[in-house]
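Visitor: All chains, full assembly: derive it from the sequences and hints.
Line by line, the protein sequences are chains L and H. Going by our numbering, the first residue of the first sequence is number 1, and it counts up by one from there. Going by our numbering, the first residue of the second sequence is number 1, and it counts up by one from there.
Hints are computed from structural coordinates only; laboratory data are not their basis. Using N, Cα and C, we set each Cβ at its ideal position, and we do this for glycine too. Possibly wrong hints are sitting among the right ones.
Unchecked claim - Ranges of calculated distance between the beta carbons of each label pair, as one might list FRET restraints: (1) H/Val-64 x L/Thr-108: 44 to 52 Å; (2) H/Asn-299 x L/Pro-131: 51 to 59 Å; (3) L/Pro-131 x H/Asp-250: 42 to 50 Å; (4) L/Ser-69 x H/Val-339: 52 to 60 Å; (5) H/Asn-337 x L/Ser-139: 56 to 64 Å; (6) L/Ser-69 x H/Ser-150: 28 to 36 Å; (7) H/Thr-267 x L/Thr-135: 50 to 58 Å; (8) L/Ser-69 x H/Ser-342: 29 to 37 Å; (9) H/Glu-78 x L/Thr-135: 27 to 35 Å; (10) L/Ser-105 x H/Ala-88: 37 to 45 Å.
Read off the chains here:
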Amino acid sequence: MRTRKSPRALTRSSGRKLLLSIAALGAAASIAGLGTFATFTSSTSSSNTIASGTLSLTAPFSRLGTGASPIAAGDTMQRAIDLSYSGSISFGSATLTTNAPSSSSLDTDATNGLQIAIDRCSQAWTESGPPYTYTCGGSTSTVLASRAVIGSSIALSNLTLTAGSTDHLRVTLTFPSAAGNTLQNQSSTISYTFAGIQRAATDQ
Amino acid sequence: MARRPSFLSPDRRRSRRGVRAAVLAGTAVAACIGASLAFAGFNSAITGGPMSVTSKRIFPGPRVASAWDLRDASSGAEANSSDPLSYADGVVQTPSTAIASGTNRYLEYTFSNSRPGGISVSSMQFNFRLASAGGGNSGNGCFWFDVRSSGSVLATHGSYASPVGCSTGTTQATFSTSIPEVTSTDQANGLVVRVYPWETGGTTRKVNVDMATVTGATPYVAAFTAYETQAIDDTSGTPSTLAWSLATADSTTFTDVTTWPSAAPNTARYLKLSFDPTIPNSAVVTSVTLTNVWRASANVTNSGTLCYYLESFNGTTSLGTHGSGGSAQNCNASGTNNVTDSVSLPEVNTVTKANSLVIKLYYWVSPLCGGGGNPTCVKSVTDQAQVSFNYYLD
Chain L
1 MRTRKSPRAL
11 TRSSGRKLLL
21 SIAALGAAAS
31 IAGLGTFATF
41 TSSTSSSNTI
51 ASGTLSLTAP
61 FSRLGTGASP
71 IAAGDTMQRA
81 IDLSYSGSIS
91 FGSATLTTNA
101 PSSSSLDTDA
111 TNGLQIAIDR
121 CSQAWTESGP
131 PYTYTCGGST
141 STVLASRAVI
151 GSSIALSNLT
161 LTAGSTDHLR
171 VTLTFPSAAG
181 NTLQNQSSTI
191 SYTFAGIQRA
201 ATDQ
Chain H
1 MARRPSFLSP
11 DRRRSRRGVR
21 AAVLAGTAVA
31 ACIGASLAFA
41 GFNSAITGGP
51 MSVTSKRIFP
61 GPRVASAWDL
71 RDASSGAEAN
81 SSDPLSYADG
91 VVQTPSTAIA
101 SGTNRYLEYT
111 FSNSRPGGIS
121 VSSMQFNFRL
131 ASAGGGNSGN
141 GCFWFDVRSS
151 GSVLATHGSY
161 ASPVGCSTGT
171 TQATFSTSIP
181 EVTSTDQANG
191 LVVRVYPWET
201 GGTTRKVNVD
211 MATVTGATPY
221 VAAFTAYETQ
231 AIDDTSGTPS
241 TLAWSLATAD
251 STTFTDVTTW
261 PSAAPNTARY
271 LKLSFDPTIP
281 NSAVVTSVTL
291 TNVWRASANV
301 TNSGTLCYYL
311 ESFNGTTSLG
321 THGSGGSAQN
331 CNASGTNNVT
341 DSVSLPEVNT
351 VTKANSLVIK
361 LYYWVSPLCG
371 GGGNPTCVKS
381 VTDQAQVSFN
391 YYLD
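Guide: If you want it as structure tokens, here you go:
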């Protein structure tokens, strides 16, 4: 025997149906959007093969894990890192994000705390030390002008970014000469994240 | 189709409409996210480090200590000519005027600037030793004080109604009072303490002050002493300044007791300077330099001149000489014009040697003095004698 639903139950049931309908419509719209804006499209030709490339940023050589202690005002720390663009697609741009998992006024004092600058050498840097210093046998260019060490998505300049190439970088941290006594006996840990995004889309 | 009648109240219907609107909005956002994902490019990232950086506990820099302990052996026997206020040694300073309770007249002491800045301090104390200067109907010496830094009063200790301490009669008594308001070397360096003393006798009398120092500790030295570099005597109501003669290059000087020997120095006749830099044990001493500002007590005539050389000691162990009886460190024939000698002391290259540094200055008049057409023998006048200790602590 079928039981008659109460008016209240009927209303709840119809509301649920309406919601489900709307959700279904939304999902369909999503899928339609994906399909509409996708970069790669399939072809009706059975003879065409389309394969996506890869974008890969690696650091086959890095001294960034080498710390410095104890430093005094006016000290500099040079560390080399090689950035390799090892995928099949070139990069369009690169950024640096730094943070301090262990923080002190060395990284929070933007004026008298640590300052960072990055230079690029057209060939591998010649290293001496420790303490590490580097000389460039080729030509140098400024990748990042001196600024406070901590920053997010800092634009980097003068990188090759070409697939298969390597940029030889020298990261220089400077502890300003003007650093006062409040910066004595401080300790920070700095992490560096280099990030790149693909080149602009082109006709293929 | 006929619209089904609603059995919900108007309020409930409004609530349902709100839920539907929210669901619609959420669906639209989901659609947008889907579309934006369709536009995302490739990206890649690599992380370097982490790199640990630690700064020195004490940055490199010069810290200056004057010779608060001065022994005058110009006569051949050492006499204590030290700063009267730096040691409990019976060498006292007597303010100009008798002083009674409630006058608000004071003695103000400025302390040395010898500690590296930016370091916390603990166990800070002001140490004051006084007594009545005595005389008929005299009483006791009492005081209260306030502590000042950078022109501001940090705290007040005691009052006329409740003195910090009173000595009994003319017997000197030391009162050490905690001054926790001084929390860093930035405050301790150049600290000012203004003391309001009074004498309790039926007849107002003066007080004698034997010592005024500040002591404390840092994370790196168990105990240090800050000595006075300047005292202001306002007991008369008109402040007059009396600096420790060797602390600054000014008009306040020290003249030795006896004229110096003729022709050649005598190692039994000297001025002996002791310093108390209190350098932390693990520090690295990079350089030590003596500054000696001096002249003759009168012009040395007839082509004569007053000369000296110096010898450095680690306590009583000789470390080295600078100049000699045959080749003076410097000479000066003037009785009015000071010469300033900066003498590097590379032999003082450890914390132990620096903390125990003693310097003897051997003076003589060259080529001859006294009688027979020779210039009159003279004394030396020292305007400043201080050592700059350059060091750091990793």
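Visitor: If a hint holds in the structure, say so; if it doesn't, say that too.
Guide: We went through each hint and held it up to the structure:
1. Taking 44 to 52 Å as the suggested C-beta distance range, the pair H/Val-64 and L/Thr-108 does not conform, at roughly 32 Å.
2. The hint said 51 to 59 Å for the Cβ distance between H/Asn-299 and L/Pro-131, and at roughly 56 Å that hint holds.
3. Roughly 45 Å separates the CB atoms of L/Pro-131 and H/Asp-250, a value that falls within the hinted 42 to 50 Å.
4. Against the hinted window of 52 to 60 Å, the Cβ-Cβ separation of L/Ser-69 and H/Val-339 comes to about 44 Å, which falls outside the hint.
5. H/Asn-337 and L/Ser-139 have their C-beta atoms about 59 Å apart, which keeps the hinted 56 to 64 Å range intact.
6. Hint check: L/Ser-69 to H/Ser-150, Cβ distance near 33 Å, so the stated range 28 to 36 Å holds.
7. Range check, H/Thr-267 to L/Thr-135: Cβ separation about 55 Å, and the 50 to 58 Å hint holds.
8. The beta-carbon spacing between L/Ser-69 and H/Ser-342, approximately 34 Å, falls within the hinted interval of 29 to 37 Å.
9. Judged by the Cβ atoms, the range 27 to 35 Å given for H/Glu-78 and L/Thr-135 is violated: they are separated by roughly 60 Å.
10. Judged by the Cβ atoms, the range 37 to 45 Å given for L/Ser-105 and H/Ala-88 holds: they are separated by roughly 41 Å.
The structure does not agree with the numbered hints 1, 4 and 9 stated previously, though it agrees with the rest.
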